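Hey, can you piece these two chains together into the complex? The hints should help.
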Amino acid sequence: MRKNNTWSVVFTLLFAVMAIYFLIPSFKLYSLEPEEQRIKINQEPELRKKIVNLGLDLQGGMRLVLQVERDEKAKERDEELLDRAYTIIENRINAIGLTEPSIQKVPQFDRLIIELPGLNDEKAAKGIIGSTAKLYFHTLRGEATLTKASRAIDNAVRGTITEEISEETVADTTTKKPATEELVSTDEVTSGADELLALTDTEPATEVTDSAEPVEELITSKLFSQYAQLAGDVFIVRESDRIAVSQMLEDSNVIAALKLSVPGSMFAWGKDVTNTQGMKTRQLYVLKAKPEMSGEDIKSAQASQAQGGMNGGQQIVSLSFGNQGTKDFKKTTKRNIGKPLAIVLDNTVYSAPNINEAITMGNAQISGRFTREEAKSLAVVLQAGALPAPVEIIEERTVGASLGHESIMKAAWAAAIGFGLVLIFMIVYYKASGILAISALFLNIVFVLAIMASFGATLTLPGIAGLILTMGMSIDANVIIFERIKEELALGRGVLGSVDAGYDRAFVTIMDANITTLFTALILFYVGSGPIRGFAITMIFGIVVSLFTALTFTKMIFHMAVGNGKSKKLSI
Amino acid sequence: MNIIKDSHINFIGNRNKAFILSGILIIASVLLLILKGGPNLSIDFAGGTMLQVEFANGLSADQFEQVTSIVKDLDGMGTPESKEIGKRDAEGKIHEVQLMVKKVSEEGTGVSDAIKTALSTKLENTPFEIKKSEVVGPKVGKELGKNAIYAIIFSMLVIVAYIGVRFRFPYGVAAIVALFHDVVITLGVFSLLNWEISLPIIAALLTIVGYSLNDTIVVFDRIRENARGKNGKDSFEDTVNSSINQTLSRTIITSLTTFVVVLAIFIAFMNTEDVLKYFSGALIAGIISGTYSSIFIASPVLILWNRKKPIEQLEA
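Chains as they are written, first to last, in this note's numbering: chain A, 2 to 573; chain B, 3 to 318.
Bear in mind the hints are in silico, worked out from the structure with no lab data behind them. Accuracy of the hints is not assured; some may be wrong.
[As the list claims (entries may be wrong)] With a cut-off of at most 20 Å between alpha-carbon atoms, the simulated PhoX-like pairs for lysine-lysine come out as follows:
no.	chain 1	residue 1	chain 2	residue 2
1	A	331	A	300
2	A	50	A	29
3	A	124	B	118
4	B	95	B	124
5	A	300	A	328
6	A	281	B	95
7	A	29	A	41
8	A	260	A	281
9	A	127	B	118
10	A	289	A	335
11	A	106	B	141
12	B	95	B	85
Note that this is a predicted model, so its numbers are computed, not measured.
One chain only, chain B, in its complex shape (with noise of 0.2 Å):
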């Protein structure tokens, strides 16, 4: 069975509008990060205290302020803020609740103390349980965030180093740009949603910086093959748009099977505040980014390059 059979897509023809849809993308995702003033950070950069809070009995809307208000009136700590988690009960009231304080200037383990109380002392016959709680002391966080930035751009390096060699130079450039595209755009889709970043999710675009370079790579084969093999009878284009389509079935299905089960988690997760909800989510995001990408955006600047200085020719 197949899929595609013999396509002959033209892909490379379609490049300009393409990458006029990545660069509305692109710019719209840096908009947003600067309107929202910046990513939103989660504890584990910004530091703070988080508390995932389970009312036995179920909250009603109006206790539920109650609880928002109890958090707010701890001055002085930072930045507070309160979410419900799942869905409401047949009567309407709330089960779970994610408590956070972010941005402490003390050291802030005095702050999950402090709510515990309050919530004890200030509602009445309300019994809860503690499910999760995180204090993520300010200096902690700030490293954590350093060495977060650092893994992304040391893994960059890596890998266009890694590409420059294995392939050609320009190959590791084009490999870049597109990996450059899929990070800006899960962190665009991220702000959008006003879902944070944590360290998972940093986790998470690590492993779509890896991934997708899976696609990009076997297309890059498959042109390096054919460059070499035809030598000269058909144009660099023409070659790009063709390995594109010879690979077009590996590429679909490749990202099909990793889409499903990333899909799955998303979908087992969805109704919590779990970190992997977030996580499942930027890899989604990341994998149908990345197969566009090695598609729409690495063979079209390998193109681009190639005007300017023959890739190919250089190699025979």
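The shape of chain A in the complex, shown without the other chains (with noise of 0.2 Å):
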């Protein structure tokens, strides 16, 4: 009995020393200040898998669910489709600096979870993360092209509405727009407007009946022509109006009429929305639909401030393409010079500068009304390529960095609450036996941080709430086994006896009632994520390392105390 006991206080002797020298890391880490530890731990990564790490709901951060868009119909499944959504996402957010990212793929879901701790500009890497950035160069169509299709629209719309509509919409209006960010003559804007805004004024009736030919889901008061204004190569439309014009062309009736009258053409909106004299419109391009070129060959893209010139002061890209995108812009350039060539992002025209010569070094800018956080998200992610499909953002969780501090403050409160309780309840009612529990309590938080501090496991709210549960319920494992004992001194049995058959008698029974939880535990483990993990490894570590100090510590203990056989009596 004595050798067994002396290899017992070895052991957890010699455990108790190994769990000091794993949580040694993580308490020289959070005793720095928040912003040197952001620092050490951009300088050392590996540290991560030596400490405790600290949930988003405990640090503050932002977390996203991303669904990469396969496309279902294609022929072959490509099968490293997420793999390489990963890696682009990685490379961007990298260049986005943020600290200590973190991305994990969900291969059977086709999912990326990404967490990105004390993140500052939510929106900003969002705009980052969920961009397609699939870029092109297109060419635009001309005025006739444009008039053409207005009309084809007008007479697909026609259908819906009742009230003869007059023909001077249009046709009397065309401004001269000029086809380059260089020189807009505010005079010619401001009447331009003016017109707009006379024309808008005549409302047809807002009737709508059932036509005899049905236009699906199409329900509208206007025709195109009286929400889009033609301006040379362009459309103006309201802003205001920008969604019912989206809708209008998504129609099948439009789109077919379209195909008829103006085919290879597709629509973009402009990025921009101009202010003029109170009223804001967004430009509409109609573009060539076969692309001049793709952005795939960006080798380099920098943001910026122009220096000087036509755009002095402005936020630019400047873009530099590799060996063949430098050949094919300078194929483009030449066959387009004197035309606008319109830079599309994500269907969306960022700008249709004039070409006035062909550009041979394979370098572009891309200016527009950027401020500098746009102009740096463009760049970013240009830079890191365009994604091989769109991805779309279907969960997003965000806690501030002071909910986070405020969190762990009642965290804590409540965790010494509740120690406090227990312990005067153990002491009170078990007396030095009870003091001998809350030590074994005290051993299991250690010895808990430490497991999750090598395996660099992550505490989060839900987490401390687990802790706490545990010290609660490993509690419960002595009281099962000092009321046995009290029972067999109550049949009279010795002292060492009594604690030998009370800790025999108690065993199964405990195993019994730790291993259920532990069992809704590991199921939690598996179904849960984020938080809910969380919670479930402070459960299943707690409950291991509880039934080992409730089955060996405290009995070795006992046994030091009256081995001896010579003690009558046992304070508890």
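This is the structure in structure tokens:
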């Protein structure tokens, strides 16, 4: 008996020392200021596998679940779709320069789970991550084509309107739109805007009835030409009408009509909203559907501020093509001298500058009304490359750092109070044995945290709740044993005998009781994600550790106290 | 020290009263759930957007109304709700608000931006900070919902199997009846208080399923031990009754210690809208119900079974 006991003591001390060893890196890190913490983790990324990491709900940050939209109709299933998307998104996130981002693949569902701790600008991050970033260069259709398109749409749409619409809406009001960003004489724009206002004030009846040839879902009170004013080689639409026009353009009859009258053309909205005399408008382009070239071969993209010249002071993005891209660009620009070339990203026209000469050096500039953040985001996205498939953000959870901090404080309170109450009860009820149980409890917490640190596991707020819960539950095992010992003592057994009998009899009960809780924790781990997983982890480790300490550590101490067989009483 | 020494409470004799009480509670819970059109699902399962907003200068009651109507005005988006969080300050101003739009028909990432824009443009001089935001797409919500139900059913099956093997089948059945009782009553409490069922609540339910079994097993263990020992001297009912009495101390103390720590969590998070408030609330209901069901449900069910088909005699 003595020898077993010595080994037990040795092992326990060993475990305790190991636990402290595992916890040292975490101690060192979290005693630094938050800023210094970030710096340290950036410098030593492997540190994450040696510490107890804090979940997003504790340190603040954003969690995104991205769904990669696979083309189900594609002939061959692209097995590497998710991996490629992963790489590109990883590049983008790294370019943003955040600390310790984490990206996980979920192959069964074509999903990526992204965690960005300490994120400041969520909108920019989402924009960068979610953008498909397919860049193309298109030529614009000329005025004649635009007029044809407008008429075709009007005809297709006419079936739903009962009133007579006067024909003068379009033809009289072509304003020459300057084809470059260079000079926009404010006079010209103003007068154009006035005319636009005047026209759309003639409201036709807004009644919508079922006509002889019903247009499917399209309900409109105006013609296309009343929404969209032709201005050279572009349409100008009021921003408030944008959704109505978009719906019109998606109508199947309209699409069919356009296919007949202006084949090989596509509509695309401009990126910017212009504000003239209090009225917000957006440009609607008609482009040649087949692009002149794609932006696949972009070697680098940089955001900067234009120094002088016509774009002075603006934010611009400078592109540099690779070899093939440079060749293609030279050909494209040569072919289109004197004409505008639209730079289209994800089906939005960022700008459509006039090509003055063939560009041989493979450099291009995208200028427009960017903020510095927008320019930077665009550069990041172009440089990292286009995603192989569009992605959708299907889940997004953001916690501010201040809330995270508050939560930690509250949880600490709860843990302290809970622990305190249990402590008082155990000592009052079980006296010295109660103190033993509490020390076992303390050991449990240290061991659980050490195990988590050794795996680099993440502690979340529910995880802390799980720890607190196991505090209460680990006491249960001790109570079962102690009550059994008391029963044996009451039956008249000697002190040592009671202790051993107590442990023996209680063993089976404790195992059964804790295994069921362990089962549910395992199920939670498998089914859950994020914070719930954090809870399951602390429960699982907590139960395993408390089983160990309850059955071996405390027994060992009892033996040390009464092993010599001479004591007659047990403080229990 | 002993809280309960040699108790001889006639638990079994009073079992019919207990059954009636439980029956009433369960029926009440089910009725509540039906009346309220099902459980109050959070955006985790219904899909939608939630924003927790802190207003540095505080909102007057009027301004809070304004904020509420701003959210309601975002039409076509789903079911909007707004709620105060925490206490009002000395001037009666509200500092923290939860805004929610559930069940969006399209992908809802636009909703949180729309709300933020509306708040900054329509309210004057009210700086605010988004402390927390959550957006769950509708498809994801349904998926999470399915998974949650599977998890609960699966864990119950695993447990019946385990208890059935470790003890005997009737014990497994008795355990499941008790568990079912606990889960339904917890859901009933949530329905009564209009608390939301979110993912962490499902975690709490699963924890209750696992944990409330602890007491039940302690009692079952004692029943099995006593039944084998006495070899037909006492009736099964008396055996069960004395087993419960013998383990009473243990049952009460273990439930009490866990209850106390969970109560601590609840009190710490009571004035927030943090999920731990509802999580610990669920555990509180579950622990109380679990302790009660171990004594007044699981054991009586065993007795009923035993009347039809004796349990312990099958073993020896």
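Going down the list of hints, with the structure as the test:
no. : hint          : result
1   : A/331 / A/300 : holds (16 Å)
2   : A/50 / A/29   : holds (14 Å)
3   : A/124 / B/118 : holds (11 Å)
4   : B/95 / B/124  : holds (19 Å)
5   : A/300 / A/328 : holds (13 Å)
6   : A/281 / B/95  : violated (37 Å)
7   : A/29 / A/41   : holds (10 Å)
8   : A/260 / A/281 : violated (30 Å)
9   : A/127 / B/118 : holds (16 Å)
10  : A/289 / A/335 : holds (17 Å)
11  : A/106 / B/141 : holds (19 Å)
12  : B/95 / B/85   : holds (14 Å)
In this structure, the hints that do not hold are numbers 6, 8, in rising order.
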